[in-house]
Amino acid sequence: MLAALGRDEVRSMLDDDGGAEVTCHFCNTRYSVSGEDLARILDDLPSGS
188 MLAALGRDEV RSMLDDDGGA EVTCHFCNTR YSVSGEDLAR ILDDLPSGS
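Count along the sequence shown from 1, add 187, and you get the number used in the numbering used here.
No false leads were mixed into what you were given.
Simulated DEER-style distance windows between Cβ atoms:
hint	residue 1	residue 2	range
1	S234	C214	27 to 37 Å
2	D231	E208	19 to 29 Å
3	F213	S234	25 to 35 Å
4	N215	L192	17 to 27 Å
5	G235	N215	27 to 37 Å
6	G205	D231	15 to 25 Å
7	D203	D230	10 to 20 Å
8	T216	A190	16 to 26 Å
9	A191	C214	10 to 20 Å
10	A191	N215	16 to 26 Å
11	L192	C214	18 to 28 Å
12	R198	S219	15 to 25 Å
It is worth saying that the hints were derived from the structure and are not from the lab. From a predicted model like this one, the values you see are computed outputs, not experimental measurements. Note that the Cβ used here is the ideal one computed from N, Cα and C, for glycine as well.
Taking the hints into account, I'd like the entire structure generated from these sequences.
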């Protein structure tokens, strides 16, 4: 889901906050994403996204 935001937004979350917290609007569950997970998402994203 975070990968859909693109490289710039994911990089910004990693640089500015060191992680992310996402709330599912369907079930109202909060998910915490570590900086390590964000870095992995960045590695998996193509360069042009």
